[in-house]
Structure formats: structure tokens, C-alpha cells
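Dock chain B against the given chain A, drawing on the hints supplied.
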Amino acid sequence: GAVVSQHPSWVICKSGTSVKIECRSLDFQATTMFWYRQFPKQSLMLMATSNEGSKATYEQGVEKDKFLINHASLTLSTLTVTSAHPEDSSFYICSARDPSGLATGELFFGEGSRLTVL
Amino acid sequence: AQKVTQAQTEISVVEKEDVTLDCVYETRDTTYYLFWYKQPPSGELVFLIRRNSFDEQNEISGRYSWNFQKSTSSFNFTITASQVVDSAVYFCALSEAGWGGSQGNLIFGKGTKLSVKP
Chain A
-13 GAVVSQHPSW VICKSGTSVK IECRSLDFQA TTMFWYRQFP KQSLMLMATS NEGSKATYEQ
47 GVEKDKFLIN HASLTLSTLT VTSAHPEDSS FYICSARDPS GLATGELFFG EGSRLTVL
Chain B
206 AQKVTQAQTE ISVVEKEDVT LDCVYETRDT TYYLFWYKQP PSGELVFLIR RNSFDEQNEI
266 SGRYSWNFQK STSSFNFTIT ASQVVDSAVY FCALSEAGWG GSQGNLIFGK GTKLSVKP
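Going down the list, the sequences are from chains A and B. Mapping of the first sequence onto this note's numbering: residues -13 to 104, in sequence order. Mapping of the second sequence onto this note's numbering: residues 206 to 323, in sequence order.
Treat the hints with caution; some may be incorrect.
[As the list claims (entries may be wrong)] Straight-line C-alpha distance at most 27 Å; calculated BS3-like pairs for lysine-lysine:
(1) A:LYS0 to B:LYS243
(2) B:LYS208 to B:LYS315
(3) B:LYS221 to A:LYS52
(4) A:LYS50 to B:LYS221
(5) B:LYS243 to B:LYS221
[To be verified] Derived DEER-like restraints, expressed as beta-carbon distance ranges:
(6) A:SER4 to B:ARG268: 22 to 30 Å
(7) B:VAL289 to A:SER69: 28 to 36 Å
(8) A:SER4 to B:THR235: 38 to 46 Å
(9) B:THR285 to A:GLU49: 41 to 49 Å
Since the hints were made in silico from the structure, they are not lab data. Cβ coordinates follow ideal geometry from the N, Cα and C atoms, glycine included.
For reference, chain A alone in the conformation it holds in the complex:
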């Protein structure tokens, strides 16, 4: 079936550095991807909707200048955490919609990327 892949699966970085996480749809072209964030023992919260060829739509309370999203192609969206700080440590998960599955609400999730900021 359709696969969404994230890279890296885990990353440790120093405070103040920037980290880029990639989300790829492997079997289909995704005009829309979603980025979620999950703190330890918490639920998944939508951060932003990534739209191919246009600006991302951020949820209330999410800093767009800190979490840069680029969806330059139909198979790749990237999330860059700029000037990361320890409070940004979290599990980031992307999901992508298969357009052929529009009528059925089919969404596919990546494996997640665990970010630890020291």
C-alpha cells in the first residue's frame, strides 16, 4: 500500500542549531501533507498543513518562523526547526493524503522523527 517515509527517524542536536525533517510520499503524489507534534505521553497535535506550491497553513500558537515548512514537490515536504531549544524536543509525525483516496479520507502516516535538543 501507500507509504509515507520520514527522515531522520531520530536526531539529537545542540541548542541553537536548526534541524530539517523530511517527509516523502513514496507511492503517490501528495498535494497536501500534515505535520503533527507529540510530546511524551501526550496526544498528537496538528502543527501545520503543508500545501504543494504555496505557503503552509499553521495552527494557532505555532510559530511559522520557527517551524519552517517547505512543500516544493508533490512527494516531499520538509519541516525545519530553526534555532532549536530543549522545549522543542518532541516526536514529529507527518501524514499525507493520497488524492485517489480523497473520497474515503485515506491518510498515511510517516514513521515519525524524534528530536532531542540538548
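Below, chain B alone, put in the same frame as chain A:
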């Protein structure tokens, strides 16, 4: 506003017991989708089921079964003869059927941590 409530934060059972995970949702939409995902310690979300709002038939898949009741806005998940490998966090989620903007993303409940002891 859309909302998903999983009132059970943690459940602990002994292997071979049956266990039901509750999910109650709120939405003003007449067309929507409900999901259950399993999240093992590795973090990856494992898709279990998707149900659209027009299909109230209960579903059984092996040891898993789901009871969708629109009258009570509930979509409960039952595991029969639980096994240690069922130990995970289970999320119930809701999605609008629309497209564009933030429509189509998932609203997650807070999750229920299931521990199955041998």
C-alpha cells in the same frame, strides 16, 4: 468544534482478558470519518480502522471489533483475548470529509495506554 474524548487514560489487563477502549466524538459535520490507530513504544502509528459516518455497521477483524453508534457519538474498540503484544497506546481520531485548508487532518483523542500483562 470537533473533539475526540478518550476518557480512559490507562488500562491494565491480564492476558486473555477482553478489553474495550472507549471513544466519544463531537462534530457538527454530517459527513466525517473515524479512525483508530495503535502506537507501540517505537512511536510509529499503526492504522487499524477507518469508518465513515454513513456506515454504522460494526466491524470485526480477528480479535478486534469496533462498535460505531451515531446516537451516542461513540466509536468503541474491543480487543478479545488480549495478548501482551497488544500493549500500546491507542488513539481514536476524527476527520472531516472536506478538502483544502485544515480540512482532512485528524483530530486525535488523548489516547489510552493499554498494558497487557502475562
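Comparing the hints with the structure gives:
{"no.": "1", "hint": "A:LYS0 to B:LYS243", "in the structure": "violated (32 Å)"}
{"no.": "2", "hint": "B:LYS208 to B:LYS315", "in the structure": "holds (10 Å)"}
{"no.": "3", "hint": "B:LYS221 to A:LYS52", "in the structure": "violated (47 Å)"}
{"no.": "4", "hint": "A:LYS50 to B:LYS221", "in the structure": "violated (48 Å)"}
{"no.": "5", "hint": "B:LYS243 to B:LYS221", "in the structure": "holds (19 Å)"}
{"no.": "6", "hint": "A:SER4 to B:ARG268: 22 to 30 Å", "in the structure": "violated (45 Å)"}
{"no.": "7", "hint": "B:VAL289 to A:SER69: 28 to 36 Å", "in the structure": "violated (43 Å)"}
{"no.": "8", "hint": "A:SER4 to B:THR235: 38 to 46 Å", "in the structure": "holds (44 Å)"}
{"no.": "9", "hint": "B:THR285 to A:GLU49: 41 to 49 Å", "in the structure": "holds (45 Å)"}
The structure shown violates the earlier hints numbered 1, 3, 4, 6, 7.
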